[in-house]
Each structure stands twice: as structure tokens, then as C-alpha cells.
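Colleague: In order, the protein sequences belong to chains A and B. My numbering puts the first residue of the first sequence at 1, with every later residue one more than the last. My numbering puts the first residue of the second sequence at 1, with every later residue one more than the last.
The list treats identical chains as interchangeable, and a pair is accepted whether it falls inside one copy or across any two copies.
Straight-line C-alpha distance at most 27 angstroms; calculated DSS-like pairs for lysine-lysine:
no., residue 1, residue 2
1, K275, K10
2, K275, K348
3, K10, K224
4, K165, K224
5, K422, K348
6, K235, K178
7, K46, K10
Think of the hints as simulated: they come from the structure by calculation, not from any bench.
One-letter residues, chain by chain:
Number of protein chains: 2
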Amino acid sequence: MAERFEIVQKALQKMLEDKKYATLRDILVTMNPSDIAALFSNLEEKQIPLMFRLLPKEQAAETFVEMEPDAQELLILGFSDNELKAVLDELYVDDAADLVEEMPANVVKRILKQADPEMRNTINQILCYPENSAGSIMTTEYVSLRPHMTVGEAILRIRRQGVDKETIYTCYVTEGRKLIGLITVKDLLLAEDDETPVTDIMLTNLISVTTHTDQEEVARMFSKYNFLALPVVDKENRMVGIVTFDDAMDVMEDEATEDMEIMSGMLPSEKTYLKSSVFELFKNRIPWLMLLMVSATFTGLIITAFEDALAAQVALTAFIPMLMGTGGNSGSQSSVTVIRSLSLGELKFRDIGIVLWKEIRTAVLCGISLAVVCFAKIWLVDHLLMQNQEITLMVDAVVCLALAVTVIIAKVVGGLLPLAAKAMKLDPAVMASPFISTIVDALSLLVYFLFAKALLGV
Amino acid sequence: MAERFEIVQKALQKMLEDKKYATLRDILVTMNPSDIAALFSNLEEKQIPLMFRLLPKEQAAETFVEMEPDAQELLILGFSDNELKAVLDELYVDDAADLVEEMPANVVKRILKQADPEMRNTINQILCYPENSAGSIMTTEYVSLRPHMTVGEAILRIRRQGVDKETIYTCYVTEGRKLIGLITVKDLLLAEDDETPVTDIMLTNLISVTTHTDQEEVARMFSKYNFLALPVVDKENRMVGIVTFDDAMDVMEDEATEDMEIMSGMLPSEKTYLKSSVFELFKNRIPWLMLLMVSATFTGLIITAFEDALAAQVALTAFIPMLMGTGGNSGSQSSVTVIRSLSLGELKFRDIGIVLWKEIRTAVLCGISLAVVCFAKIWLVDHLLMQNQEITLMVDAVVCLALAVTVIIAKVVGGLLPLAAKAMKLDPAVMASPFISTIVDALSLLVYFLFAKALLGV
Numbered sequence: 001m002a003e004r005f006e007i008v009q010k011a012l013q014k015m016l017e018d019k020k021y022a023t024l025r026d027i028l029v030t031m032n033p034s035d036i037a038a039l040f041s042n043l044e045e046k047q048i049p050l051m052f053r054l055l056p057k058e059q060a061a062e063t064f065v066e067m068e069p070d071a072q073e074l075l076i077l078g079f080s081d082n083e084l085k086a087v088l089d090e091l092y093v094d095d096a097a098d099l100v101e102e103m104p105a106n107v108v109k110r111i112l113k114q115a116d117p118e119m120r121n122t123i124n125q126i127l128c129y130p131e132n133s134a135g136s137i138m139t140t141e142y143v144s145l146r147p148h149m150t151v152g153e154a155i156l157r158i159r160r161q162g163v164d165k166e167t168i169y170t171c172y173v174t175e176g177r178k179l180i181g182l183i184t185v186k187d188l189l190l191a192e193d194d195e196t197p198v199t200d201i202m203l204t205n206l207i208s209v210t211t212h213t214d215q216e217e218v219a220r221m222f223s224k225y226n227f228l229a230l231p232v233v234d235k236e237n238r239m240v241g242i243v244t245f246d247d248a249m250d251v252m253e254d255e256a257t258e259d260m261e262i263m264s265g266m267l268p269s270e271k272t273y274l275k276s277s278v279f280e281l282f283k284n285r286i287p288w289l290m291l292l293m294v295s296a297t298f299t300g301l302i303i304t305a306f307e308d309a310l311a312a313q314v315a316l317t318a319f320i321p322m323l324m325g326t327g328g329n330s331g332s333q334s335s336v337t338v339i340r341s342l343s344l345g346e347l348k349f350r351d352i353g354i355v356l357w358k359e360i361r362t363a364v365l366c367g368i369s370l371a372v373v374c375f376a377k378i379w380l381v382d383h384l385l386m387q388n389q390e391i392t393l394m395v396d397a398v399v400c401l402a403l404a405v406t407v408i409i410a411k412v413v414g415g416l417l418p419l420a421a422k423a424m425k426l427d428p429a430v431m432a433s434p435f436i437s438t439i440v441d442a443l444s445l446l447v448y449f450l451f452a453k454a455l456l457g458v
Numbered sequence: 001m002a003e004r005f006e007i008v009q010k011a012l013q014k015m016l017e018d019k020k021y022a023t024l025r026d027i028l029v030t031m032n033p034s035d036i037a038a039l040f041s042n043l044e045e046k047q048i049p050l051m052f053r054l055l056p057k058e059q060a061a062e063t064f065v066e067m068e069p070d071a072q073e074l075l076i077l078g079f080s081d082n083e084l085k086a087v088l089d090e091l092y093v094d095d096a097a098d099l100v101e102e103m104p105a106n107v108v109k110r111i112l113k114q115a116d117p118e119m120r121n122t123i124n125q126i127l128c129y130p131e132n133s134a135g136s137i138m139t140t141e142y143v144s145l146r147p148h149m150t151v152g153e154a155i156l157r158i159r160r161q162g163v164d165k166e167t168i169y170t171c172y173v174t175e176g177r178k179l180i181g182l183i184t185v186k187d188l189l190l191a192e193d194d195e196t197p198v199t200d201i202m203l204t205n206l207i208s209v210t211t212h213t214d215q216e217e218v219a220r221m222f223s224k225y226n227f228l229a230l231p232v233v234d235k236e237n238r239m240v241g242i243v244t245f246d247d248a249m250d251v252m253e254d255e256a257t258e259d260m261e262i263m264s265g266m267l268p269s270e271k272t273y274l275k276s277s278v279f280e281l282f283k284n285r286i287p288w289l290m291l292l293m294v295s296a297t298f299t300g301l302i303i304t305a306f307e308d309a310l311a312a313q314v315a316l317t318a319f320i321p322m323l324m325g326t327g328g329n330s331g332s333q334s335s336v337t338v339i340r341s342l343s344l345g346e347l348k349f350r351d352i353g354i355v356l357w358k359e360i361r362t363a364v365l366c367g368i369s370l371a372v373v374c375f376a377k378i379w380l381v382d383h384l385l386m387q388n389q390e391i392t393l394m395v396d397a398v399v400c401l402a403l404a405v406t407v408i409i410a411k412v413v414g415g416l417l418p419l420a421a422k423a424m425k426l427d428p429a430v431m432a433s434p435f436i437s438t439i440v441d442a443l444s445l446l447v448y449f450l451f452a453k454a455l456l457g458v
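Build the full structure now, drawing on both the sequences and the hints.
Modeller: Now the structure itself:
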């Protein structure tokens, strides 16, 4: 499919170069705005406005929304005031607000000047809600119905107003701006009698969020309840907007990406990989690398402290990477599982006892299995096969005991730290692999050397 | 909110115990099926059928779908044949198919016996599609329109058939079972004239998937195009079903969880954390731990090979954990970024050149910055502050040179391996942190010892 798209893309670009505008336009009008937007990202700068002006008004606006910020900026800078106004008039308010957030100050000024007063007001209002709140992703364009309406009147209102609304499929019944019920177009269409009052068939058991609800929580509610849209109310239960499922999907995707980035020791990025400059990648990656490198000083100090033991039993050094690696992997398995359960809303801090008990038992099973296999492997491979006489039964025992204990510590630490982070209102994802590895590295070395001292007397 | 829910839950459970069934029923009918299902998971076994029988027929079916498999199984085993049939008749076909997949063989037999022949047929058909394909998550209950219909006739058909369909908002125009267009209820309602033929306003530029399209690809299309539903066709472009946005959301969530699990060296789990037994957690976690532990033999061998060098310069040992840790973190940053871009569809294998060039430049920036800071830290802290005379300027230089080279190797390996996996049709997520750490561990030790040999002459 991707290949087919490229062929189409090349053909269309050729038409643009050959100035076959009429044919090009005929093809463009049949395409999906997302695909047209993708076309733009491969055009030369001067071709962008040329192609954009071929699109019919409504399609142009829909395509504009899907375009990359740099292409949008380029277009706005080239627009006449009238062209800009025409595009803005076609945008849904939440898309316009997104646009304003992305653009540099001079462009924003032009946009707000051309937007009609009502839209300007709404944009400003949306921009004032905290980042990542329901208010910041909602749209104010929904269909509202009055309690005195009948089914027939409601359908009529939808037919009159619907064209400007982001969704018409869920309508909200409000009384003095207070949200009192919701009704779907399905219920309206399937109602047996057009004279039925909407209050008879509306749902009153409402699930709503407030403007300050975190967007992650909003996305979770969508995946739990399978809603098409979710009403957003203010503190007085007055209806202020709706969040639609497509915005919730974007949030889900972004939050999962962010969790993965944080879990692997990066700052969350605003841009996708291909759009990020090398310097931006560097800026996101270096802080944790630096911090973790410096904090590895502790492991260094522990090794230095036990230098004599290592000198007496050189064979011990060879198992350090295996011990730390297995400890790190064990810990990150537990932490990633717990972090994911926390962000899907399955786990809460109060479940700490359950997690602890589950992790301890799993860790004991893993620790013993690994130790048994490791013991056999060291004896068969390192001692018998490689003929390493320094590896005595006692050395083997020290390594495997340390391994079992390390795995147990790692899994318990890995399971509990994300919960602790949650309790301290930190992002649990920060407690993933790199951070836990550093802690587990230090602990596993300590355990190792203490066993060596006790059993080998070094 | 979670707390409020618990209070409600306790109150309802009390009513059940006190046999206040009428009041309980009055409250239940106002509640959302997802929330009622959550109630059930805290009831005692014998209370489950009791509470379930209080629900009106349709709500009972909707609640049933949202329940955990063990509660479903318990209910089915307790149902009379008539009760089972009543619930099955209310289920959407894709939910029934999901149910059949979850239940043990004896329960499946009862379900298929009670389902009406048409549903049984469809269930069997859906079950035959490969796991994780569009066919396996689609429903066959959609509204299909004929090309000769007018807007008015189409609306009439929706009003007649809609009650049994999973979504009525997107309708499909088919001719001899071939999909020729789609039309939304919004377009139908906003059409100016009821006499307009649907072929005049239907969209013919169709985006569809086939029954064998991977569900991850399906979810990607939803998040790209913001569809409510996506038509599924067979090889001859004959319409066989639709996937709805709620199923796509579940897929997105599951795929992200699966990626995170695989990336941290676990087998993907079918159940959530709290539902998994200790033995299931163990089974998912031990294979990679075992494999990675055994493969750490290589790092052990490298250390053994350079034992003399370490004995001559004991200070070198202290920096091994820092080197391996920083290398591992650098590599997993790159691999996780590339894996996520691959699963969001931003990157393709052919972008390998772009990734390589981006990672090399980022790696050089990171490597140099880390080396400079590390050099200063070792000199100031380890040499001057801790008075460790073994750490000469030359030892410091060896560590930092090795660090810079390790970071560069790690980032390049981390960036390229997931792409290589993709090209070999493997899951790129397998190439994340643990796997890459093991490779990078071995490489970083080699680099370290080679620098030590060359510069310190050990």
C-alpha cells in the first residue's frame, strides 16, 4: 500500500510540474485529507501554495489541519488576509486552537486578527486551560438540545446546525447551561414517535469530566466506556465542551509513546523521530545519560572497596556483568509491568501489598530457577569445558547465591518504586529500567561481595 | 471518583445481602454496563447469578460482554438453556465470537448449541480468521444500502434495521456484495432533499482493509484517518464486515502494552497484571532472563581473557559497571525510539540510511559530552577527592575514550537492530533494551580492554 501511495504521489507531483492543474484537481478532490496532507510533506516550498490553492474550500481546510506545522506556517505566511480568513472559517475551534499553539507569535497574531470574534474568544478560552487537561483538547462545537424539545424537533435542530459541529451523533440536553442528559442520534432515529419528548428517552446517568481532568484519565474513560464523545463540564456542572474519540485516540498514542520514552531514560519529545533534529534528540537523551553515568560512581566505589577480595579471587570479576545484567533485566520486567498497569488504571497505590506479595513469589521462582541453571552452566562450561581451575565449587556457589538474592531484590525494588513514585505524585515511568538498573547494580555488587567474604573468606 | 464508586459498590452489595432486590434493580438500570460489570468482580460466587438476574434483558447482555471471563463462565454454567439463549440473542456477533474464544471447550459447545444457526455460522467464520487479523476483530452487523436507494429510503432502512447493528453512523453501499461506496448518517441527515439518490452523495474514494490485514495496521489507519468504522473486504472486494473504533482503541492499547512487555524482555501476556497468577508471571518472565543470563557467558569470557590486564591495573575494574550501564542506556534510548516510530508507521525499513545518519550524529554529540564530563569527574572525584593514586591521567583517558566509542557503537546498534528485525519480519520490539544491552556489554568490554592494552601497555 505504501508503495502504491508513492507512485500516486510521483504522478501527482509530475502533473503539478507540467501545470496540468485541472486533471490534478479532479484527482485531489477524490482523496482523503490525511493523504493529501502527506503529499504536501514531499513538495518543494514553492509548490505548496500552488497545490493548496487547487483544493476546494472545505477540503482545503480539512487538509490544512492534517499538515505538518512547518507547511502550515509557510502557507499562512503566503496567504492573503482573505485566504487566511476563508481557511479559519472552515476550521473546527479545537483545531484552530491547536494551530495557534503550534505557530510562532507573529503568525498567531495574524490568525487571531482574521478569526471572527466568537472563534477568537473560544480559542483564547481553550488556550487558558492547563496543558494536557480535558479543557485543552475539547471542542466547543457540539449539538445542544433543550428539555422541552420532541424527537422530531431535535432531529430538525441537528439537520439545521449539524454541518458546523464536530460530531452530531451524541447530543447534549442542557437547561440553563447545566448538563442534564444526553441522547444519541441512534436513539432519536430509532424512536417510535416523533412527538416523544427528548427527556423521555435521554440518558440521565451521565459520565462527564471537568475542564481540569487530566487527558490521560479522559483517554482511559474512552477505552473503558467506548464513547464517541465525552462531555466536559465546569465546576458548576455547566456544559462547556466535548472531547471526541479521535482526540482521545491521539492522547492514548501520545501517552504510550511518552511512557516508553521516559521508561528508557529520555525526556518526552514533542516531535516524531523523523521530524526531530539531531540536536533535539541529543537534548532529550543526554540528561538521563549524564545523571546515570555520574551515579554509577557508587558501583565504582563498591568495587574499589572490595578490590582486595577481587585481587585474591580474580575469577569473581568475570561474573560481575552477568549478575548486574540479570538483576537489571529482572527489575525492569517488574517495573515496566507495574508502570503499565498504573497507566491503564488497573493498579492503584493501595494495591502495594498485592504487588509486593506477587513480586516476591514470582521473584523466588525466577531466582531459584536462574541460580540452578547458572550453577550447572558455570560448572559444566566454565570449570569442566574451559578448564578454569580458579572456579571452585565454592566460587560457583557464591555466584549463584548472589544471583538468586539479586533477582529477588531487583523484582521487589522494580515492583515497588513505580508505586512509590505514584504516591509522591511523580510519573511512575521515571522509575523504569535505567533508574532501577543503577540501584540494582549497586545492591547486586554489595550482595556478591558480602557472600564472597562470608563463604570464601577473601 | 474511584472512592465514590467503592461507596456505591458497598451500598449495592449490602442491598443484595438484605434482599432489597426492587431497590437494587432500580439503581442498576441507571448504571453504565462497564460499571455494573466492575461490581460483579467483587461479588461472591453465589451472588453473581442473583444480581445478574435482576438486570433487564438488554442491559444484562451489555453487562455480560464487559465482565471478566471467569464470571462469564460461572454464569453460563448456571444458566438454563433458555437464559443462555436470551443472552446470546442480545449479543453482537463479534462479542459472541470473543466469548467463544475465551471459554473452555465444554462451555463453547453449549454456546454454539444455543446460538441461532445464523449466529453460529458467523461465529465459526470469524473464528477461522488468523489471530490478530482484521477478520478476527470485525463484526458482520453493519447497515448496508443499495445503490438505487434515495436518502429518504436509506434513513427508513436505518430506522428499521439499526437496532441490531453495532454502528448505524457509517453505512455501506453494496452492489452484488461488492463495496461501492459509503455514506454517513450525518450526510444523510444533512442532505437537502430526501429524493436525492444515495449514489449522488456517497463517498466512492474508499479506504478498506482485507480480512487478513494485521490488526495493528487497522489501528494505525483509525488513528490516521479518525474513522468511526472501517470496512473489511475479501480478496474480491466483497464486503464482509466492519471494524469499529472501540475495537481499534482496544487494539492500540493492547499493542502498546505488548510492545512494552517485549521491550523489557517478557513474553506478551494475555491477562492483566492483577489477573495473572504468579506462575503465569514466572512463565512470561523466565525465558528471556534465562537466555540473557546464559549469553552473558560471552562478557565473562572477555573478562577472563583480559584477566592479566585487570590484575596489572586493578583500578580498571571499578569502571566496568559505569561503561556497560551507560552503553546499555544509550543503546536502549535509540532502539526504543526506532521501535516506537516503526509501530506508529512513521519509519519503514527503507529509512535505514536516515536512521543511521541521525543516530551517528546524535551518538557523537552524546559520546563526546559524556566523555568530557566523565574525564573531569574521574579526575576530581576519584583521583583528587578520594586520593586513589592508581587512577592516573592515562587510566582516566582510557576510560573516557572507551566510553565515547561505546556510546557511539551502542546508539548505532540500537538504531539499526530494530530495522533489521523488521526486514526479517520479526517483531522489532524484541531488539530492545535487554537484547541490545547484552551485545553492547560485550562490545564495550572489548573496546575498553583494547584501549587499555594500547595506551597502558597492560
